[in-house]
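A.B. asks: Letter by letter, the chains look like this.
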Amino acid sequence: AAGVIQSPRHLIKEKRETATLKCYPIPRHDTVYWYQQGPGQDPQFLISFYEKMQSDKGSIPDRFSAQQFSDYHSELNMSSLELGDSALYFCASSLSASGGSYEQYFGPGTRLTVT
Amino acid sequence: GENVEQHPSTLSVQEGDSAVIKCTYSDSASNYFPWYKQELGKRPQLIIDIRSNVGEKKDQRIAVTLNKTAKHFSLHITETQPEDSAVYFCAARGWVTDSWGKLQFGAGTQVVVTP
Numbered sequence: 015a016a017g018v019i020q021s022p023r024h025l026i027k028e029k030r031e032t033a034t035l036k037c038y039p040i041p042r043h044d045t046v047y048w049y050q051q052g053p054g055q056d057p058q059f060l061i062s063f064y065e066k067m068q069s070d071k072g073s074i075p076d077r078f079s080a081q082q083f084s085d086y087h088s089e090l091n092m093s094s095l096e097l098g099d100s101a102l103y104f105c106a107s108s109l110s111a112s113g114g115s116y117e118q119y120f121g122p123g124t125r126l127t128v129t
Numbered sequence: 811g812e813n814v815e816q817h818p819s820t821l822s823v824q825e826g827d828s829a830v831i832k833c834t835y836s837d838s839a840s841n842y843f844p845w846y847k848q849e850l851g852k853r854p855q856l857i858i859d860i861r862s863n864v865g866e867k868k869d870q871r872i873a874v875t876l877n878k879t880a881k882h883f884s885l886h887i888t889e890t891q892p893e894d895s896a897v898y899f900c901a902a903r904g905w906v907t908d909s910w911g912k913l914q915f916g917a918g919t920q921v922v923v924t925p
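Chains as they are written, first to last, in the numbering used here: chain B, 15 to 129; chain R, 811 to 925.
Note that these hints are calculated values from the structure, not bench results. Keep in mind it's a predicted model, so treat the numbers as computed, not measured. Quick reminder that beta carbons are idealized off the backbone N, C-alpha and C, glycines included. Just to be clear, a hint being listed does not mean it is correct.
Simulated pairs of lysine-lysine, DSS-like, Cα-Cα distance not exceeding 27 Å [what the hints assert, rightly or not]: (1) R/867 <-> R/878; (2) B/71 <-> R/868; (3) B/29 <-> R/852; (4) R/847 <-> B/71; (5) R/847 <-> B/36.
Counterexamples of contact, computed for chain B against chain R with all Cβ distances above 10 Å [said to hold, decoys possible]: (6) 16; (7) 25; (8) 26; (9) 27; (10) 29; (11) 33; (12) 76; (13) 79; (14) 83; (15) 86; (16) 91; (17) 94; (18) 127; (19) 128.
Whole structure, please, built from the sequences with the hints as guidance.
C.D. replies: As structure tokens, then:
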């Protein structure tokens, strides 16, 4: 079965650079979520999209932005990177429409290292 | 917003013994409570979940109980094996406007099963 795809899997950037993370949800899934997980921490919700519209927003810095495109893939854009942005970034998807399952499926994550 | 507390933060058990992890949540509107197992550097993997209209669910060696009145839920692992060693996260989720909301995670429990 198709799973959530994230790219790249690893990314190394320098301070003040920009980064773009991509997420391809499971086919037919209409909701995408982004989480940030620092070392030894629980995943922290950043932002979510339902049917290409922002549905919820968490602790996402103003330096970050995200969107969901017509094909339902999503991109997380991160600018003016700081050392503290080094983390695992997970994308997850689910099907919110009637008949969808409750489960939220996680992608393999993108490990971002800022030097 | 939702707040999830998880205890204990670390749990050491002998192989074959049982492990219990407890979580409490604050938002009575939350209606879905998954448990995730995460190995170092990997994605969170759903191991079991429970909906608010169910009090208990079991899947082989794993069981989850939910007390809606007290707003707490627990994970029970019986006959633990070394491969059960990992970080376990509880989470709570509700509905946002017209889509599934974000997962609010507990802080995690590091489980170590010693042979």
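A.B. asks: Please flag the earlier hints that this structure goes against, numbers listed from lowest up.
C.D. replies: As far as the earlier hints go, only 2 is violated by this structure.
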